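J.: Going line by line, the protein sequences match chains A and B.
Counting with the working numbering, you get residues 1046 to 1444 for the letters of the first sequence.
Counting with the working numbering, you get residues 1046 to 1444 for the letters of the second sequence.
Bear in mind the hints are in silico, worked out from the structure with no lab data behind them.
Take these hints with a grain of salt, some might be off.
Which copy is meant is left open, so a pair is good if it fits within one copy or across any two.
DSS-like mimics (lysine-lysine), calculated; alpha carbons at most 30 Å apart, straight line [unchecked claim]:
no.: 1; residue 1: Lys1402; residue 2: Lys1051
no.: 2; residue 1: Lys1299; residue 2: Lys1435
no.: 3; residue 1: Lys1411; residue 2: Lys1214
no.: 4; residue 1: Lys1427; residue 2: Lys1200
no.: 5; residue 1: Lys1200; residue 2: Lys1214
This one's a predicted model, so the numbers in the text were calculated from it and none came from an experiment.
Protein chains: 2
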Amino acid sequence: MIDAVKLGKLYKAGLLDDVVPFWLNYSPDREQGGYFTCLERNGEVFDTDKFIWLQARQVWTFAMLYVNVEKRSEWLAAAEAGARFLLQRGRAENGYWYFSLTREGAPLVQPYNIFSDCFAAMAFGKLYEATGNNDYATVARDTFYNILKRQEQAKGIYNKAVPGTRPLKNFALPMILCNLVLELEPLLEPSLVEDTIRAGIDAVMKQFYRPDQGIILENIRTDGGFSDSFDGRVINPGHGLEAMWFIMDLAKRKGDDALIRRATDIALQLVECGWDAEHGGIFYFLDVLNKPLQQLEWDQKLWWVHIETMITLAKGYLHTGDGRCAQWFQQLHDYTWQHFPDPEYGEWFGYLNREGKPLLSLKGGKWKGCFHVPRGLFQLWKTMEAIEQKYPAYLLQTK
Amino acid sequence: MIDAVKLGKLYKAGLLDDVVPFWLNYSPDREQGGYFTCLERNGEVFDTDKFIWLQARQVWTFAMLYVNVEKRSEWLAAAEAGARFLLQRGRAENGYWYFSLTREGAPLVQPYNIFSDCFAAMAFGKLYEATGNNDYATVARDTFYNILKRQEQAKGIYNKAVPGTRPLKNFALPMILCNLVLELEPLLEPSLVEDTIRAGIDAVMKQFYRPDQGIILENIRTDGGFSDSFDGRVINPGHGLEAMWFIMDLAKRKGDDALIRRATDIALQLVECGWDAEHGGIFYFLDVLNKPLQQLEWDQKLWWVHIETMITLAKGYLHTGDGRCAQWFQQLHDYTWQHFPDPEYGEWFGYLNREGKPLLSLKGGKWKGCFHVPRGLFQLWKTMEAIEQKYPAYLLQTK
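Please model the entire structure based on the sequences and the hints provided.
T.: What follows is the structure, encoded as C-alpha cells:
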C-alpha cells in the first residue's frame, strides 16, 4: 500500500530542494549572528527575537544534515554560525539556557523553560558528532547534567503551582529524554544512558499511557493516578504519537520486538482517537473525558503533529508490516500533502484551522522553526528506503 | 435607529429571566462554599476548581444586582456565600489573593495575578455597599492598597522577563483601575480617587491609545514608545472598546463632554479596526502591523468582547447622539444575538470560531463566569432606559 520508492523521492526532494534552501536563504542573521526564525510566507523576516528552542533546533538540523546526508560545507557553516551565537549569548550565569534573546543577543526571557536546555544539548551533541570538537561535547554534557539535576523542579522559581496541593508530573520531559539520550549516547557513560532509557520507557509506556482509555495523558499525579482537572484530563495526540517513534528507535536499538509492537499498537490507538472524522487531520488537544478544554486552539491542525505522526506510522509499518499502519500512513500523507506545503513560496504552513485553511501565514515564528519539517522529511525519506529494502515483494505486488 | 424600548425589555428579560437564574441554579457549591464556574452547556458542573477572578466577579454581580436592581434576599445570600468562601480561603499570608483553589479551598495557584486582587476589591466594595458591613470595606480597601503597592511589579517573582532588556507596561491594569476606582469611591480618600482617575485616563487616552493608527496597544515601552515585538504589536480590540465605556463613565462623573466625545471617536475607530468584514464579529487579537500573531486564538469571537462593545456603543450614542454609534450598535446587537445566546439551555456560549460556530460548549470555565453577560445586560438595559428618556422624539420618528 505504501509506494515507498515514489514517496522516498518525494520526501528527499522536499527536504533538499525546498525546505533546507528556504531556511538557508532567509534565516541566517549575517550581521548579528544566529538565525531569524520569524519568517513570513515568502521568507521575509517579520520579527527579530531569537528563541533558544529554535536557535538550537536549527543548529541541530544543519549538523544532522551534515552528519547524515552529505558533508556540505555550507550546512556545517550554518550550524556553527548558530552555535557561536548560542555560546556567546545563550546562557545565564548558572549555565541554564535563556528562553529568548533580542536580535543582538541581550537576554529577554529568563531560563524558566527546561526544553531550551534539552534542545541546546541536542544541538551541541550533534555538532560534536559533525566536527569532533570537544568544546561542543562539553557544552552538550554540562547541559544534559543540568537537565537531570533540574528535572524534578523543571520550572524552578517560576513554578506558580502551590507545592503539595495537586502534585502533577508532565509527559514532555520524559518523552524528550527518550530521544535526547540517544542523540547524546556517544558523550555519556553507558550506565547513565541505560538508566535514562529505562526510566523514559517506563514513564511513557507504563505511567503516562493509560491502557483503559488507549491514550497518553499529558499530566498525571506524582503517585501515578489520574487527576480529574483541566491539566489532568488534557490529551495532545501528536505528542504521544511523536513519542512512539522515539520508543520504536529505543526498542530497535535494544532489539526489543515486543516493545516495538506495543508502541505500534499505542500509535494506532492514538491516531484513531486524534483524527477529526469531520474535517480530517489530527486535533491539537482533546479532553479524555470529553469535557470542554481550556486550550482555545484545541481544534487546530499543526504541522508538527502531522509530520511526526507520519514518521511513527511509517516506522510502525517498517518494523511490524501491520497493514493498518500503511493505511493510516497513506491517510496522513494525503491530508498533510494537501494542506501544509505552500505551493507558492515553498516550505510549510504551520497552523491550520479545523477546516484545514491556514490560520497564520508564517513559515516560522516563536515555536515553528527549522526542525520538525526537515527532521521529519529526513526520517520519512530514510524510512521509505528501509521499507523498500525490507518489503520488495510487496512493491511488486502493487504494480 | 435604536429601538430603545424594545431592546431595554429584551436585555432586562435576558438578565432576570435567563442569565441570573442560570447561575443561581447551577453555580452555588452548597457543600463546600463558593461557586462552581465550570458549567457545561446545560449547567452541569464539569470541573470543580475555583478561580479567584470568577469567584470574586460573581460576588460582585450578585451584590450589584441587590444594590441596583432589587433587594432580593436570595441575591444577597448568594453574594455573601461567595464572600465567606473567599475570606476563609482566598488569600495568602501576605494578603495577596491566590489565582485558584481546589473545590475545598486549598490553594492551587500562587497569587501571581494582580487581577485576582482587582476583582476581589471590586467584590468586597460592592458587598459593603449592599450591606454596610465594615468588615467588607476593610477587605476592599486593604486589597486596593496592595494593588497600588504592587502595580509597578504586578507579576512579582513570577515575572519571566529579564529586567531592563525590553521594559514594557501593560494596558490591562490602568484600564481596570479606571473602573475599580469608581466602584470603590465611597471607601477611598477623595484625593486618592482623583489621582487614580487622572493617572488612569492619562494612561489609556494618551499613552496606550495611538492616534496615528487609531488603535489601543496592549503593551508599550515604559518610555511610552512603540515596541516592534510580538507583545508590542498586539491589539485586543475588545479590551480597548471595554475601556472606552469606563472612560465615558469617568467623563460623565466629571461632566467632561470633550472626553466623552474623544472616547466615542476612539470606540468607533476600534470597532472598525476589529470587525471581521468576512464573517462578522470582532476579532480577539490583531497585529498593528498586520504581521502574524503568536495568539493562535486570534480570529475567534468571544462573548465579552461583543457585549462590552455593545455597552460602549450604546453609551456613546446616549451621550453624543452620534448616528454611527447607533448603526454599529445595531450591527453588534444583531451579530451577538444571533450567535451567543443558547436557545436550548439559556445563557451564552463564550467562544465561537471565526465563522461564528461554538468552539466550546461551556457556559462557564476558567475565564468565563457570572460577570460580563449579567453586567453587560444590566448596563445595556439601563442605557436603553436613558436613551428612551433623552431621545423620545427620535423614537416617535421611527414609528
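J.: Name the hints, by number, that the structure is in violation of.
T.: 4
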